[in-house]
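Protein chains in written order, with the numbering used here: chain Z, 1 to 248; chain S, 1001 to 1253.
There may be inaccurate statements among the hints.
[Stated by the list, open to error] One side of the interface only, derived from the structure: several residues of chain Z facing chain S at Cβ under 8 Å: (1) Tyr111; (2) Asp115; (3) Ala116; (4) Thr119; (5) Met120; (6) Ile122; (7) Tyr127.
Hints in this document: simulated from the structure, not taken from any laboratory. Glycine included, every Cβ here is placed at the ideal spot set by N, Cα and C.
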Amino acid sequence: MFHNIGEILILSWRTLLALPQAWRQRQKVFDQLAYIGLASLSMVCILSLFIGGVLALQTGPVLVERGISSVLGGMIGLSMCKELAPVMMAILVAGRIGSAMSAEIGSMQVYEEIDALRTMNIDPVRYLVLPRMIAIALSLPVLVLFSIPVGWFGGALVCQFNQKIAVNFDSYFQNLRDVVQTGDVLNGLFKSFIFALAIGIISCHQGLITRGGPRGVGRSVTKAVVNSIVLILILDYFLTRFLLYVQK
Amino acid sequence: MTSPLHSKSVRVEVRDLRKKMGALEVLKGISFQVGPGERFVIMGPSGSGKSVLLKHIIGLLTPDSGEILINGEPIQNPDVRDKYRMAMVFQSGALLTSLTVGENVGLYLAEHALHAPAEIDAIVARVLETVGLKGLQNRSPAELSGGMQKRVAIARALVVEPQLVLFDEPTSELDPLMAVTIGEEILKLNERTGATSIIVTHDRDLAFATGHHIAMIHEGRILFMGTPREVQENPDPIIQKFITAELAPPKSH
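One chain only, chain Z, in its complex shape (with noise of 0.2 Å):
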C-alpha cells in the first residue's frame, strides 16, 4: 500500500512537471474532453434528476408533517451543489472514465506500446497521463455544473406533483434562491476538481503498473475504480471539514 502511494506521489510530481508541455498535448486533451463528455452527459442528467426527485421524496412528507416545507428548496439546492452533485458526479466518472483509462493505459503497457513509446524517448507521463489529467481535471466540474440545476429541476417537480408535499414550483425556487450562494456552487466545484485528480491519477497509475495480460487489465479497472470511489468518500470528509473552516 505504502508503495503504491509512493509511486502515486511520484506520478503526480512527474505530471506536474510535464504541465509546461501542456499545449503540445492539446489535440489529446480535446479529444479526451470531447469522450468523456459525450460518455457522461446524458448520464448526468439522468442521475441528477433522480437523486434531486429521490431526496425531495424521502425529506419531503418529513418537513410537510413538522410544517416547515417552505425550506425544502433550499434544503435540496444546498444538498446538491455542496455534497450530491459533486461526489455522486465523482463516483459516476470513476466507474465510466477512471475505469477506461485504466483499461487503456493497462492494454499499451500489457502490449509493448509504453515500451514502444518509451524505445522513441517518448516520456508516458507526458504523452498519456497529462492529457488526460488535465481533461478530466477540467471535465468534472463541468459536468457538476450541469448536474446541479437539473438535481434542483428533479426535487421541484416531485415537490409539486407529489400530492404529500404539494410546494409549488415558486415557493420552492424562491426558498431556493433565498438560501443558496454562489460560495455553495463554488464549494461543489472546488470539490470536484479535487475528486477529479484523485480518479485521474489513480486511473493512470493503476494502467501503468498493469501486468500479466487481459486479466491483469481487468484486475486494473476493478482497482482503479474502487480506490477511486474509496479515495473520493474519504477526501470529501476532509475536504468538507476544510472548506467550513475556511468559511468560518
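Could you slot chain S onto chain Z? The hints should help.
This is chain S only, laid out in the frame that chain Z set:
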C-alpha cells in the same frame, strides 16, 4: 533526441550482465561486443532470456549487475539515450492501436517536433513505400495482417534513422514467405542506414542469413559466439540439437 544527429552507427558492449526476475535468474553473466554497423544475432530457445537481454540493451530494464555501454557510455544514463538514435522492433509490433498506420510511423518525428506536419506526412509516405505498404497511412493497425504490422514497425524504426536497431523475434508467428520478406527488410534497413543491428530470434534461417556474428544463448548464458559457419560447425551437443532439430514424419506401418 533533439541533439545533433550522429551519422555513425554505434558500438555496443555488454559486460557481465545479470538479472533476476523473482526467484529466477534470467541472465547469468552475459558479455559480448557488437561492432559499428554489424548485424549481431542472439539465438536460442524460448525462455532462454533473449528478449530480457534486448530490453536491457535499449534501457527498458535495469540490470542487477553488469553494464551495457553504447560507444563506451552506459545506457542507463538518460543523456546517452538522448544522444544516440535507437529503435526497437517488438515481437508483437507494439503499434499504438489508437493511432493510424501513418501516425504510428510519424510518431517519433511529431512528438519531438523534428519536422512540420506536411513534411512528416511526406516522410511517412516515402518510408511506407520503402517497406511495400504504399498508401496505407490511414488504415488502423488492427486492419493489417501480422506481417504488415511488422513491416509498419520496421518503417517506424526506419523513420528514426537509427544508429542502433534491435529486433525482437521479427519472424515469429509469420508464414515462411513473410518471414523471408521480413528478413530481407532487415538486411535492407541495415544497408540503407548502416545501423548496428541486434536481432533476437529462434529462427535458424533468419539467424544464418542475416547475422555477421551469432551468439547462442542457453539458460541465461552464452554457450558460443562466432560467425554463422562457426556456429554450424560447433560440435557442442546443445548447439547441434538446436540448429539441426527437425520434426520427423511418423513411420508408416
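Evaluated hints:
With a cut of 8 Å, the hint placing tyrosine 111/Z at the interface with chain S holds, because the nearest CB-to-CB distance is about 6 Å. For the restraint placing aspartate 115/Z at the interface with chain S, the shortest Cβ-Cβ distance is roughly 5 Å, inside the 8 Å limit, so the hint holds. The criterion of a C-beta within 8 Å of any C-beta in chain S is met by alanine 116/Z, whose closest approach is roughly 4 Å, and the hint holds. With its C-beta approaching chain S no nearer than about 4 Å, threonine 119/Z sits inside the 8 Å limit, and its interface hint holds.
With 8 Å as the threshold, the beta carbon of methionine 120/Z comes within range of chain S, its nearest partner Cβ sitting at about 5 Å, so the hint holds. Residue-level restraint check for isoleucine 122/Z holds (minimum Cβ-Cβ distance to chain S is 5 Å; threshold 8 Å). Interface hint at tyrosine 127/Z: satisfied, since its Cβ lies 7 Å from the closest Cβ of chain S, which is below the 8 Å cut-off.
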